[in-house]
Each structure stands twice: as structure tokens, then as C-alpha cells.
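Number of protein chains: 2
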Amino acid sequence: MESVKILDCTLRDGGYYTNWDFDEALVDSYLKSCESLPLDYLEIGYRSPVKSEYLGKYFYCPDSVLKAVRQVSAKKIAVLLNEKDVSLDDLEPLLGHCTDLIDLVRVAVNPVNFGRAVTLARGLKDMGYEVAFNVMYMSNWHKVDGFFDQLDQVNGLVDYFYLVDSFGGVYPDDVRSIVTQVKSKINSKVGFHGHNNMELGLINTLTAIEAGAEIVDATIRGMGRGAGNLKMELLLTCLSSKFGLEVDFNALGRVVAAYGPLQDMHQWGTNLPYMVSGANSLPQKDVMEWVSKRFYSMNSIVQALNNQSAGVEDN
Amino acid sequence: MESVKILDCTLRDGGYYTNWDFDEALVDSYLKSCESLPLDYLEIGYRSPVKSEYLGKYFYCPDSVLKAVRQVSAKKIAVLLNEKDVSLDDLEPLLGHCTDLIDLVRVAVNPVNFGRAVTLARGLKDMGYEVAFNVMYMSNWHKVDGFFDQLDQVNGLVDYFYLVDSFGGVYPDDVRSIVTQVKSKINSKVGFHGHNNMELGLINTLTAIEAGAEIVDATIRGMGRGAGNLKMELLLTCLSSKFGLEVDFNALGRVVAAYGPLQDMHQWGTNLPYMVSGANSLPQKDVMEWVSKRFYSMNSIVQALNNQSAGVEDN
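Going down the list, the sequences are from chains C and A.
Per this note's numbering, residue 10 is the first one in the first sequence, and the count goes up by one each step.
Per this note's numbering, residue 10 is the first one in the second sequence, and the count goes up by one each step.
Hints may be right or wrong, so weigh each one.
The list cannot tell twin chains apart, which means a pair is met if one copy fits it or any two copies do.
[What the hints assert, rightly or not] Simulated pairs of lysine to any residue, SDA-like, Cα-Cα distance not exceeding 25 Å: (1) K66 x L110; (2) K84 x L48; (3) K152 x G278; (4) K251 x R185; (5) K152 x S250; (6) K251 x S186; (7) K251 x A313; (8) K93 x V153; (9) K194 x D99; (10) K76 x T128; (11) K14 x Y63; (12) K60 x N119; (13) K251 x T128; (14) K60 x K194; (15) K152 x G253; (16) K251 x T189; (17) K251 x W150; (18) K192 x A77; (19) K60 x S309; (20) K198 x V127; (21) K41 x E255; (22) K152 x K251; (23) K14 x K251; (24) K60 x P120; (25) K251 x H151; (26) K14 x N289; (27) K14 x M274.
Derived by calculation from the structure, the hints in this document are not laboratory data.
As the structure is a computational prediction, the values presented were derived from the model and not from experiment.
Go ahead and model the full structure; you've got the sequences and the hints to work with.
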């Protein structure tokens, strides 16, 4: 347990609910509380080429944002790149000038674009960053032809290779077997990023650690896409009682309280439609839209998900 | 899986939040939806000698309540007795005349009063009821002298012997080992009743089933004492996708929606103080009072729990 690193990605994954706008006072209070918590990395947001729709400043994380973070926080700073939005040519304008502001660049990788992501990783490594792969859809990796055979390409390039349970649908036995399989192929450190559709975020993360994972993600109050993530307060409380991890519960209580009003407003967390999408490995993007618009009844959402799951055309 | 029975105890365990008063329309809608769900038992409330403070009608479940339930529901009906409140002499006035209204009598048993509970079980069995023991504090059973040696006294008397994770603090490995140990001592069917302080309700219940448990509890939206129980909608969704259990998701959606306003009002579910109490096997009774009075800050609650855990006097 001593060697396991913890990454908080509340601003990055929670941004799905606020369109990556966060009140400055909240960010300040978050950063200050995190200083007293046993966290290794804070993922502040994305870096991205400009998109056509409006997205808030933590989707772009300009230097001004990162400088402000550095002034308050001594933690290592991470940003995420969406591989699908970023070409090799984008790297220099996006990240060519800020190794002093960013420690770790994570890349969200669709397993079918693994080769392209390896090229990006080489570019990032050459720039001097720590590099992580967040490889999505782990419950479907076995369906991707040759996926496991190509993994050794990350050796020497990727510091952290994350299993991402995008659908919140994997069970501890799956986590144990996939961590073991991945560790037999690569020498990067293995990470786990869980979603909480079936309230399996904690046990999947503990199982990943037991199986040899060396970095894990969580967010304050589980704020994150769809049903949300493993709750940081749950992870820290558990690691404190189980392994004696030192936790300042006053700081933890402060940051949990600080995000209370946002949760009251956006109501993230699991519910029946997210449970159904998790249990059947269906994307939560659609569910998130249906639920947030409060336009469809629970029943019709669950029915639509069941139809998708049964291969019936959506209604 | 086919042989596993499911008991819903929303009214009984959820009553901690409503003082065992429930709106009749809600109960009616609950009972009707449950008719379409794969549930074997509904636990409607307690039977109890009159207590000095006010407690609502589902704490006493007079015949009129049970008759009304029987008119709507074809499910088997259960009530719970608190062993600490009920002597052998109370049995006849409490339950001597209603084997037509109640199928299963569960007894909440403090492990230190095991012998007394066995006497009650004999009385209940003689009256013709199915009998269950809900033995509390499973995370502390190993601390009770001779606890496991006396278990065979339930053979022939107790139909279901429940492991109750009162603190919401056990992990799947604990569940597996305790179910196995109990099954080696007794021939009653084994049950599991989990609380959700650490969001381990689902995985602990699945683990209990895997280890041979034959009946499990859950409640709608997890409504139940303190941090609440395993959510019935999560259990059914999971058993549907994992084992092909037939679930009418429209009925499930209806009953989940019906309890929405109550949850908005009472805000049950886990939070940082409940996580701390679960992780350290501390009673959630105090936490429930502190949290519901909104009189203390999260910080002071967590601090108080930590002090209890460290053996420091409470503040």
C-alpha cells in the first residue's frame, strides 16, 4: 500500500457536470484542502484544440490557470488529452512550452486507436512529461482484436497504464484478472480509474491495488461523468482504517463540504438508469443527457436501455 | 442463484427515517409494484410491546395493517422482533393469534444474548411461524466468547440465520469466511443483511451468495438506518444482467420513483461520517442523530468518531 499513488481528478471528470466552469473560490478551497491530504497528483482539466461548442476554462487549462494552481498547490499537476481530438502536430502548440506547469500528461485512449496513441506518447515523452495512458472500455478489451498483443509498445514510453472502467460495469474478479494480464505484458506502472454505476468503485479499486496497481483515481463526492467516480472521501477513509494511511479528516471534511452545493445543484451519483447501463456495459453519455434533461421518465429510460441491450432499435 | 430468496425490508428498516409512519398511498404503490418483482418476502415492520416514546404504526403492525397488506400482496409477509424488548411471556399476546397474517418472524439478536434468543425461537416455532435470526454486529462476532460454539442450537428451530453487517464495515473476504464458518456449524439457511456505509452492500451480498447464502435483504433506494442498505434496484439490476433473473424494470422504476420524495426529505445514504463509522465498526446510531440534527459540522462529527475510534472520550 505504501507505494500506491493517488490522483484526484475532481475538476477534470467533474467538469462534465459544470461544462468545465468552476467558481474560483471553490477551486481555491479545493486546492488548499488537497495540500493537507495524501494525494500525489491533481488533474486540473483537459488541454485541447478549440472545439466548436462552448467549453469552460478547465477544458483548456491555459497557462494562466495552471500558474494560479502552482501558486497554491505543491502537488504534481496533471492534464488529460483526448487522443481522438489531438494529432501529433497539435502537441507542440498545446504542450510545447509548459513542462514547468504540468508534470503528468494523461491520454484518454480508445483501444481501437492504440497505435496512434503510442505515437502521441512518444511525442510527449520527448517533451519531457510523465505520460499516462487512460485506456477506456476495459470491459470490452477482450473484444478488440490483438489488443493485448500490442501492449508492450508502451514500455519505456508510458509511466502509468490505466485500466478505465468507462461503463462502471466491471466486477472485482474482472479487475484482478485484467490487472494481472496487463502486468504480465508491460513494465509501466498500472493504474485503475473506476466509475460507480454499480457502487463497485471502492472494491474494484482495492482489488486493483491488491493485484498490483500502483496508482488509483478518485474524486471528491465522486463528482464525475454520469454516475460518477469512486468517492475520494471513501477511498481515504478506507485506506486510513485498513492500512493506516494518515488522513487529515478536517481537511477532508472541508473539501467534501465545499462541493456540497454543486452536488445539490447537479445531483450526480448513480441511479436506476446508470445501474442498468453499467450492468450491461452501455455508454452513459446518452443516459446522462436523458437524466439531466428530466424529459423522459425513469421507466422510459430504463426501457430504452434494455432495448439497446437487447439490440432492439432505440426509442 | 435460482435458489436464493430476496427479502425487501424497506418499510421496516426505512422506518428509522419516518418513525415508522408511511403515507398509505406510498405503501399501496410499493406493495403493488412489489407484486411484479422477483421478491420472496416483504418485511412490513416490527411487532413490539408498547414503548414509552411515540412510534408509528409500522413499528407495531397491528392486525389491521397486516390484513390490509394481505389484501394487496401475495408475497410472504415478515415482521421483526427486537429480542432485547421481547420476553417469552410477550410472545403469546404479540403473536399468538396471527399465523394467517405473518409468515416469517425475524428476531434481531445481539450475539451476547444468543441463549435468550434461542428460547424465543422455540416459542415462535411452536406457534407455527417460519423463524429467522438476524444476528447483529458480525464484524465483532469473533470477540464474543464461545459465539461460534453455540450456533448449533439453532438447528431445527431457525429457518434462516442472517449475518447482519450492522456497522456497514465488513469486506467481501470477511463475508466469505464468516458465511463458510457459519455453514459448517448449522443446517439453517444462511442469510445476509448489509449496510452501505462503504458502498460494499452489493459486493458483500454477491459474495455471500457465492459462498452459499440462500436469502439476502435489500431496500428500495437503500432506505434504512443510518447510511442505509443495499439498494434493491441495484441488486435486481445486477442479478438480471449477471444471472438472467427476470426483472420488470417498469415496476422497479415505479417503486424507485415513488420513494424519491421521501429520500429528498430525509437524505438517507452514506456520507463521510457514516463512512468513518463503518470503516471503524462504530455504531451509526449516534452518527444518525448528529447528522439529522444538522447541529454539528461534518468536521466535528468526523473528529468525534475518530476520537471514539482512538478511545479518546467523546466531545
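Checked hints:
| no. | hint | verdict |
| --- | --- | --- |
| 1 | K66 x L110 | within (16 Å within a copy, 63 Å between copies) |
| 2 | K84 x L48 | within (8 Å within a copy, 50 Å between copies) |
| 3 | K152 x G278 | neither (29 Å within a copy, 37 Å between copies) |
| 4 | K251 x R185 | both (19 Å within a copy, 18 Å between copies) |
| 5 | K152 x S250 | between (38 Å within a copy, 19 Å between copies) |
| 6 | K251 x S186 | both (23 Å within a copy, 18 Å between copies) |
| 7 | K251 x A313 | between (41 Å within a copy, 19 Å between copies) |
| 8 | K93 x V153 | within (17 Å within a copy, 58 Å between copies) |
| 9 | K194 x D99 | neither (30 Å within a copy, 66 Å between copies) |
| 10 | K76 x T128 | neither (28 Å within a copy, 71 Å between copies) |
| 11 | K14 x Y63 | neither (34 Å within a copy, 51 Å between copies) |
| 12 | K60 x N119 | within (19 Å within a copy, 61 Å between copies) |
| 13 | K251 x T128 | neither (40 Å within a copy, 38 Å between copies) |
| 14 | K60 x K194 | neither (36 Å within a copy, 65 Å between copies) |
| 15 | K152 x G253 | between (40 Å within a copy, 22 Å between copies) |
| 16 | K251 x T189 | both (23 Å within a copy, 23 Å between copies) |
| 17 | K251 x W150 | between (31 Å within a copy, 19 Å between copies) |
| 18 | K192 x A77 | neither (37 Å within a copy, 59 Å between copies) |
| 19 | K60 x S309 | neither (32 Å within a copy, 45 Å between copies) |
| 20 | K198 x V127 | within (16 Å within a copy, 54 Å between copies) |
| 21 | K41 x E255 | within (17 Å within a copy, 49 Å between copies) |
| 22 | K152 x K251 | between (36 Å within a copy, 19 Å between copies) |
| 23 | K14 x K251 | within (16 Å within a copy, 32 Å between copies) |
| 24 | K60 x P120 | within (23 Å within a copy, 62 Å between copies) |
| 25 | K251 x H151 | between (33 Å within a copy, 18 Å between copies) |
| 26 | K14 x N289 | between (30 Å within a copy, 23 Å between copies) |
| 27 | K14 x M274 | neither (31 Å within a copy, 38 Å between copies) |
This entry does not satisfy hints 3, 9, 10, 11, 13, 14, 18, 19 and 27, going by the numbered hints stated previously.
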